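A.B. asks: The primary structure of each chain is shown beneath.
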Amino acid sequence: MSEPLLTVENLKTQFFTEEGTVRAVDGVNFEVNEGELVGLVGESGAGKSVAAQSIMRLVEEPGRIVDGTVTFDGKKLVDIEETPDGRMEESDEMLSNREMREQVRGREIAIVFQDPMESLNPVFKVGAQLREFIELNRGVNESEAKTIAVDMLREVGIPEPEARYDDYPHEFSGGMRQRVLIAMALACEPRLIIADEPTTALDVTVEGQILDLVSDLQERYDTAFLWVTHDMGVVAEICDRVNVMYLGEVIEEAEVDDLFHDTKHPYTEALLRSMPRPDRSVESLDPIKGVMPEAINPPSGCRFHTRCPEAREACKEFHPEYQDVSDADEAPHAVSCIKYERVGYEDSDPLQTEATGAFAGGLADMRGDDDGRDPAGVPGGEADE
Amino acid sequence: MATTTGSDTDSRTESDAQAVESDPEQPAANVGWRYTVSQVRRDPTALAGLGIIGVATLVAVIAFLDQTVLPMFGIEQYAIAQAVWMSPNAEVAPQLLPPAWTTNVFGEGTWAHPLGTDDRGRDILARVFYGTRIAISVGVIATTIALVAGTVVGSVAGYYGGRIDDVLMRAVETLYAIPFLVLVIVFMVAFGRDLTFAMIGVGIANIPTFARLIRSRVLSVREEDYIEAARAAGVRDRNIIFRHVIPNSFAPVLVQATLQIGVAILIVAGLSFLGFGAQPPTPSWGQMLSQSRDYMLPDPWFSIWPGLAILITVVGFNLLGDGLRDALDPRINN
Chain A
1 MSEPLLTVEN
11 LKTQFFTEEG
21 TVRAVDGVNF
31 EVNEGELVGL
41 VGESGAGKSV
51 AAQSIMRLVE
61 EPGRIVDGTV
71 TFDGKKLVDI
81 EETPDGRMEE
91 SDEMLSNREM
101 REQVRGREIA
111 IVFQDPMESL
121 NPVFKVGAQL
131 REFIELNRGV
141 NESEAKTIAV
151 DMLREVGIPE
161 PEARYDDYPH
171 EFSGGMRQRV
181 LIAMALACEP
191 RLIIADEPTT
201 ALDVTVEGQI
211 LDLVSDLQER
221 YDTAFLWVTH
231 DMGVVAEICD
241 RVNVMYLGEV
251 IEEAEVDDLF
261 HDTKHPYTEA
271 LLRSMPRPDR
281 SVESLDPIKG
291 VMPEAINPPS
301 GCRFHTRCPE
311 AREACKEFHP
321 EYQDVSDADE
331 APHAVSCIKY
341 ERVGYEDSDP
351 LQTEATGAFA
361 GGLADMRGDD
371 DGRDPAGVPG
381 GEADE
Chain B
386 MATTTGSDTD
396 SRTESDAQAV
406 ESDPEQPAAN
416 VGWRYTVSQV
426 RRDPTALAGL
436 GIIGVATLVA
446 VIAFLDQTVL
456 PMFGIEQYAI
466 AQAVWMSPNA
476 EVAPQLLPPA
486 WTTNVFGEGT
496 WAHPLGTDDR
506 GRDILARVFY
516 GTRIAISVGV
526 IATTIALVAG
536 TVVGSVAGYY
546 GGRIDDVLMR
556 AVETLYAIPF
566 LVLVIVFMVA
576 FGRDLTFAMI
586 GVGIANIPTF
596 ARLIRSRVLS
606 VREEDYIEAA
616 RAAGVRDRNI
626 IFRHVIPNSF
636 APVLVQATLQ
646 IGVAILIVAG
656 LSFLGFGAQP
666 PTPSWGQMLS
676 QSRDYMLPDP
686 WFSIWPGLAI
696 LITVVGFNLL
706 GDGLRDALDP
716 RINN
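Here the protein sequences line up with chains A and B, keeping their order.
Take the first sequence: its position 297, counting from 1, is numbered 297 in the numbering used here, and each next residue is one higher.
Residues are numbered in the numbering used here as their position in the second sequence, beginning at 1, plus a constant of 385.
Chain B on its own, in the form it takes in the complex (with noise of 0.2 Å):
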């Protein structure tokens, strides 16, 4: 804090000051994006979560060059994958081969798929390393989507009240009552079966999550002198909505976007196991997944990569959520 004791403070302002620093009510600053990084960063599993992320960003973000970045300069897809070791989606090797260090009855592991290959001879390695980018993106998305219809329709619903709130939300509920999966299905039936689709259709599906969560939030909000002192002032609503209602409402529903990609992930891949979202040959965790289950018997490590990848994927988002509630939530105060 900065210090208040200028040569030309007068005496009865210096009283005040000294109130700000004996002041035992009030604690270090607790808001801000400093204080959030600080709590996060002494928290171990938060950060485990966060160095998840991480990783499996970069891997993202190199898988989405490959294959989106680069052909647009008339470079081949999948040029780096090529370069460094191998296409996902070249078959090369023979077919359900086990990891390296182990043998099944289709053969003997070898060094050059270390994690095996598929039921079309294509390396799992390279293809779980793809299947990276769409789960990322699909989770980020969806909820991106979720968060910013979620929040929009919430905080108009909770700061009006009244007939607006009685209208939104139960529109809100609609969606709601309706079973999730089903919810995406006919949406991804009705437009389109593709990953576009996909992420929308789980977007919307996730809006009611976020309406409630922000309305509940906004309702006592709204109540706070700071927004009567901005009515007063001559805000306009939309203002007061956007700039007072909303930063002081976020906490939760950032919290809840975080865990909320780890589920978006989880039922994206449910979808592609089912056939809705990335077609083939688009490596996609779920599809491989789904690809795997005649073979789960005679080679279930087909089935146990892309598992162990949505797993520790979904595991980090969720470490990184928890951490970020104990830093964002005023009651918890260690």
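Looking at chain A on its own, in the form it has when it is part of the complex (with noise of 0.2 Å):
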């Protein structure tokens, strides 16, 4: 494949609070082609949403974008440089706030955010919000945006669009605000969608229905998305490729078949086993122990190893490269796991950690029923109808 349409390389994006340095993307590294529907998959904290907002340089104070490169279509959205005298600073290619804000956003990337309640604004009539994001971004004047305007709410499934245009938003349910909200990412026809968990706050039957309206629209409009989420049967469902996120780190990467079938991160394995899947029948699900560290003192080593079940001394020291383990006839999996590196795991003790069983029985039972509140595995299966 050609050039990919978007590139992170090294993402760091960094909140500095009175508690200390939250580092809550890491050196993040992963790419969307042009048309594909890409996966970002973790959970809460995980740091998803914050490499999402970071690409549009949407990240507010406290947080800064520290180090990395994001290139979209040839343009660097973030491109910092260590300086001669050490210091981080913007490069000269990276755009200025005023390219960002009427070169790429709106225009080339569009954003769909999580809650469909709170992402139109109350005071103003639906048709008038899109009506003014297709004026700004697409440089047509007030009635042929309306025409668009009109055309999108048909496209994207609202009946009576005319008489609907006239209503304000608490007028829209929840799936229908989401469906407006889909609507005004896509009137200006952008090359990438980042949606930021667009169905996380709507029940299953609409979130089935905005899914299949999205692949539905993304076949006809060949648009890329980044699709953020935390639920694995969205991912099933919708997207080409996954990133599996834990911690501030991409740790896994996969083509979504490879993902589910021929898992290789430890931390993946687990997402998987704590939520139902239609393809295997199990007693119990499993859901992973513990909960995610903080990300200001994150663990040494590998940052799964304090959760992991296989995690070994070694995971302690070595922080696992992140690295191509595919063979060379089939499609890329990328992962960072110390068991894929030559690095003494196999010699190296099994850690005594509570995910690895090696606590007494009783204790690790009576914990057991607490951290089955463990968000990760939320239930995905009926997502799969």
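Hints in this document: simulated from the structure, not taken from any laboratory.
All of these numbers come straight from a predicted model, not from anything done at the bench.
Virtual Cβ for every residue (Gly too), placed ideally from N, Cα, C.
There's no promise every hint is true.
Simulated pairs of lysine to aspartate or glutamate, EDC-like, Cα-Cα distance not exceeding 20 Å [unchecked claim]:
{"#": "1", "chain 1": "A", "residue 1": "Lys125", "chain 2": "B", "residue 2": "Asp610"}
{"#": "2", "chain 1": "A", "residue 1": "Lys146", "chain 2": "A", "residue 2": "Glu160"}
{"#": "3", "chain 1": "A", "residue 1": "Lys125", "chain 2": "B", "residue 2": "Glu609"}
{"#": "4", "chain 1": "A", "residue 1": "Lys75", "chain 2": "A", "residue 2": "Glu93"}
Chain A residues, not near chain B, derived (Cβ > 10 Å throughout) [stated by the list, open to error]:
{"#": "5", "residue": "Glu81"}
{"#": "6", "residue": "Glu132"}
{"#": "7", "residue": "Val150"}
Far from chain B by the CB rule (all over 12 Å, computed), these chain A residues [claimed, not checked]:
{"#": "8", "residue": "Phe15"}
{"#": "9", "residue": "Asp258"}
{"#": "10", "residue": "Pro293"}
{"#": "11", "residue": "His333"}
The task is to assemble the complex, starting from two chains supplied on their own in separate frames and drawing on the hints.
C.D. replies: Given below as structure tokens:
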């Protein structure tokens, strides 16, 4: 394939809080090709939303992008370099805030946010907001923009779009508002849409409808999507390729079928074991033990070693390299786990953690129930209908 | 709400449409002018306030025509007043007459001057009538100055935060730290004693009220998703502030502005009482009060009428302000 549409390299975004520096995104790499639907998956707090915001440079104080490069269609959205005297500075190629606003946001890359209830301005009519957005990003006059807006509303399945055009956001249901937001994102025919958990706030029936709609529209407009979610079911349903994030890092990346059937990273495996799957029957689900550590002081070595069922002593010391482990004739499959490196995983002793089952049984069982609340394994089966 | 059960509706969107209609979380439309007006119309005290303000405004408009507009076309000042009644500045009657139905040491009231006359023999009714114009215009203009400047300063400070916020809000608090009347009087001594500077001075002195009020709302509104959505859509900051942030933060400011008009009227009356503001012989309520204070014992009616006029007007604005607050406050939903 030719040059990817979006390339994220070594992206680091940190929040400078009073408690310390939160390394929300810590050296993330991934790509999105033209017309591809790429998933970005992880638990709450894995840094996936911050990564999405960083691409658009929407991170607000006290957060800051401290390192990395984001290239979109040859343009450097983010390009932070080390100067000769050792400081990290924006390079000359990086787009200015004004260029970002006028050329990229809305026009080339659009975002659909998580909560459709909150993403429309309550004091303006839905149609007026859609029209304003189109006027702004497509440089057409008011009546042309209105025609496009009504067409887009019809396109995303809003009945009687002319009548609904003059309704306020509170007169729409959640599903319809999400349709409006998708219409808004698509209206300017961007080349990439970042969907930040767009179906999380919706019930599963509406979620199914929205996913159908998105696959439909994606085929028709050939827009690339970066789909941020914590729901493996959604990923299985619509994504072509998946990046799994844990504590600010992408730890596994593969085509969606490979990820589900040839899982490499223990975290991804644990994530998949913690949700019901149509292709496997199990007695009981197996949640990931513990909660994700704070991103202020990430664990040494492999960040997952505190909760990893396969952790060994070596995991504490070596930070695994993120590398492609697929065979030459297979689709690329990258993973960061020292199981796939030659640094002595095999010779190392198993770590004594809760997850490896080395604690006294009673304690582990007692804790097990509490940990069942772990948000990682939101049931995803319904998306497979 | 528009019905959404057209024949071309496919099944999946129909379920959405039903969800709208049966959603108990969403009360009937409670945004927009129509809702606010309907709420105010159901509130008798707010309606009373609106009535008072309506009458006062009508009186002020007539006075404005008579004093300012008609003279521009070469017609004598107070021509309307003279045609109907008498000029507020005409000295025609015995001084300090009481209202028509009473007597005092200066004489017996007459229906030629229903509310009596002042210390120079001018008709009090005519002067109170023409004083309305100054009260209303001063209240509205001073509050508008404070509202516009305060809204801009407060929303910019709240939206950007950080150093901009610090600089703007510390400047505003400096204004706040100086006693109100002292600030206005110093301003008027520096620039001029007439009414224009009274309005500007009161306006500036009121900026902190509005700036702080709207900033507190902006701080929560700017965190809303639709603001971030607007930023993600490439809307420039200026448009975000004016089109998205301010309209969503404006309800409490509107209530405050209505109440503040009453306060501004009081303050300017106070300034006139102290000799700042409208200069004689222009009729103004504060200045009438000021003149009447030497005659309070022999002729209390001289002070009562302008005082009553101030009271009624200020109460009118307060009643409307309270009614608006009830209508615009989402927490009070009856």
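A.B. asks: Are any of the numbered hints broken by this structure? If so, which, sorted upward?
C.D. replies: Hint 6 is the one this structure does not satisfy, whereas the remaining hints hold.
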